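Asker: Below, each chain spelled out in residue letters.
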Amino acid sequence: MLIADRLIAAAIMAMSAYFMWHAMVLPIGWNGMTGGPGGGAFPFWLSAIMFVCAGAILVRSLRGKSDYAGDFFDPDTLRAVVTVVIALVVTIALIPWVGSYIALPLFLFWYLKIFGKHSWALTLSIIIGTPLFLFFFFEVTLKILLPKGLTEPFFVPLYAMFF
Amino acid sequence: MELIGHMMDGFATSLSPLNLMIVVLGVTAGLFIGAMPGLGSVNGVAIVLPLTFIVPPSSAIILLAAIYYGAMYGGAVSSILLGIPGASTAVATTFDGRPMAQQGKAGLALIAAAVASFVGGTISVILFTLFAAPLADIALQFGPPEEFALVLLAFTTFVGLGGDDVLKTIIMICLGLALSTVGLDLISGQPRLIFFDQPGFYSGISFLVLAIGAYGVGEILYTIETSKSAPQVTPARLTFRELGHGLKEMNRLWKTMSFGSLIGFFVGMLPAAGATPAALMAYGLAKVTSKNSDQFGKGAIEGVAAPETANNAASTGSLLPMLTLGIPGSPTTALLLGGMVMWGLVPGPMLFIEQPDFVWGLISSLYTANFAAVLVNLALIPVFVWALRMPFTVLCALVLILCIVGGYAPSQKMHDVWLIVGFGVGGYLLRKADYPMAPLVLALVLGPLMEKSFRQTLIAEQGNILAFIERPLSATFIAISAIFFLLPLLKYARGLTRSKATA
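Protein chains in written order, with the UniProt record's numbering: chain A, 1 to 163; chain F, 1 to 503.
These aren't lab readings, by the way, just hints derived from the structure by calculation.
Don't take each hint at face value.
Unchecked claim - Listed next, with one range per pair, are the computed distances between beta-carbon atoms: (1) F:D197 to A:L145: 53 to 61 Å; (2) F:G495 to A:V52: 50 to 58 Å; (3) A:L132 to F:P356: 22 to 30 Å; (4) A:A14 to F:A460: 17 to 25 Å; (5) F:L473 to A:P96: 33 to 41 Å; (6) A:A17 to F:R389: 35 to 43 Å; (7) A:A14 to F:A475: 32 to 40 Å; (8) A:G149 to F:A475: 54 to 62 Å; (9) A:L132 to F:V383: 21 to 29 Å.
Note that the structure is predicted; figures quoted are calculated from it, not measured.
Yeah, the Cβ is synthetic: ideal placement off N, Cα and C, and Gly gets one too.
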């Protein structure tokens, strides 16, 4: 827990520094001509406060005044969370390429059948039901087209039918 | 009376078939979302917001408000039947709701929770109706300095009253504000904070992306960890005889429920406090003032009634500053505010003048939402018992799909979907390390207003920073903010002197 606390504080410090570096593109000081701060001032000084606070947390934790006990992660949790995050990332990376109507059912199949160990009946009904709902709700009703990637040609007859 | 006229007009809007249907739909969805362990009103509103494009803007807000209400009712269901709070706001309901269920009185506990929620909701909506117009009138005098001071006040309540680690709270506020500056500078129009030269950042970071990330994906990751073992659902049967008995029992509890409503309403108005502390306070007060306080924690019906009135009253209370001042009183209302801005309805006093139909329609729909929620809640209790048996893996998979598609739908950019995953993982880690989420979401929503009012004031006053304390109202707000900000310092200093004295 202590190590995680320090790592997160250090990561926030790094992120603040990165924000500050970005904000310096615009004037960060007081603009005498118009009155008031320049365009970069808000993000710069807010990130500076963040940097100082995260630094204080780091110092506090290094001086051992933190009252945390126990592990940040237990191995089981970590494995479950990491696999779900990887599955999500793979799914989202697949969406522009093979389209939502292949990537999302694949994700559902993985999550329900392999990760959740559910029955075929339940898995298949959700895998078939979800894309149908998405198509009729988003594409037909709201006219929001989801990315289709390679599968675009297969939807042309459907478009002709519903639009 | 002007107010009665407004309310009549409002009911004409909210009782239209479309809006009535929307309210029933909203509270039903809210009840289910609230009843699912881990998912509360804020998750529900975040996940459902992108789906509300299907109805006109004013109805969409009514739908979201109905979900908010329904989720507050629903939170009690899993507190009682599973012993796991359906949302953090229903934590106090487990103290006595769970023992009641274990004694075979689950039905009675559910009736008590529903009736108490209804009483809390109704009393607070009446208070809301009375306070809304006068508060909006005061807010009409606000200029940029007052707006800035008020936003500052909202943030300092987190520092002074939030109860979380002060340093971590400040970090989350600053992070939210800094993220809100991404995109184009409000005054000069120059691009800033375009990370990695990604063109997606030019349009800024939508509050919706952060909300779906932190409260959708992040919450699911959090649930994966806490829900490894399948919980035991206590069966609940509900007969009309039991309903009659329950109503008779509740009739004795008017004092508890009135106190709970008042506490809830006023605590709920504070951005840093809200429904969870309000419910705990009401529980504490009911225990102290009750004649049979030794029964508390062992299945006292007052112990269910008090927190449930308070958390519903608090959800109404947090709507008041959102609608009249444009400062949300809770993360959920922050999302409502973001949604309203997205649809071109800017909350605040001008809304009462420019869109009275919408404002009073929304207020009156809170009354209909309350009625609908209590009826749907009692009618669907057998369905909840069944739905709570749904395995977590099914729920998680479906919510994640909704997060991906719902995050893509509003602006149709994969960039936003990637950000959602980033915020989800980041939010999950930060939450595990005890960084509070509420100030982050509020800061992202209020950030543009804060920066704009600050810089507008200084430009108008030729850079005179004293402008903020030269006007009485803004000076008052700044003074109160300073007190809130100094509170933790004072506590720290007192702790130091005390530890020196004992050493």
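Asker: Now tell me, hint by hint, if it's right for this structure.
Answerer: For each hint, the structure was consulted:
Taking 53 to 61 Å as the suggested C-beta distance range, the pair D197 (chain F) and L145 (chain A) does not conform, at roughly 27 Å. Taking the beta carbon of each, G495 (chain F) and V52 (chain A) are about 21 Å apart, not inside 50 to 58 Å as hinted. At about 42 Å, the beta-carbon gap between L132 (chain A) and P356 (chain F) misses the expected band of 22 to 30 Å. The supplied range of 17 to 25 Å is broken by A14 (chain A) and A460 (chain F), whose beta-carbon atoms lie about 38 Å from each other.
Checked against the hint of 33 to 41 Å, the pair L473 (chain F) and P96 (chain A) fails, with Cβ atoms roughly 51 Å apart. For the hinted restraint 35 to 43 Å between A17 (chain A) and R389 (chain F), the CB-CB distance of approximately 49 Å leaves it violated. Our hint of 32 to 40 Å for A14 (chain A) and A475 (chain F) holds, since their Cβ atoms are close to 39 Å apart. For the hinted restraint 54 to 62 Å between G149 (chain A) and A475 (chain F), the CB-CB distance of approximately 58 Å keeps it satisfied.
The beta-carbon spacing between L132 (chain A) and V383 (chain F), approximately 23 Å, falls within the hinted interval of 21 to 29 Å.
Going through the hint list in order, the structure does not satisfy hints 1, 2, 3, 4, 5, 6.
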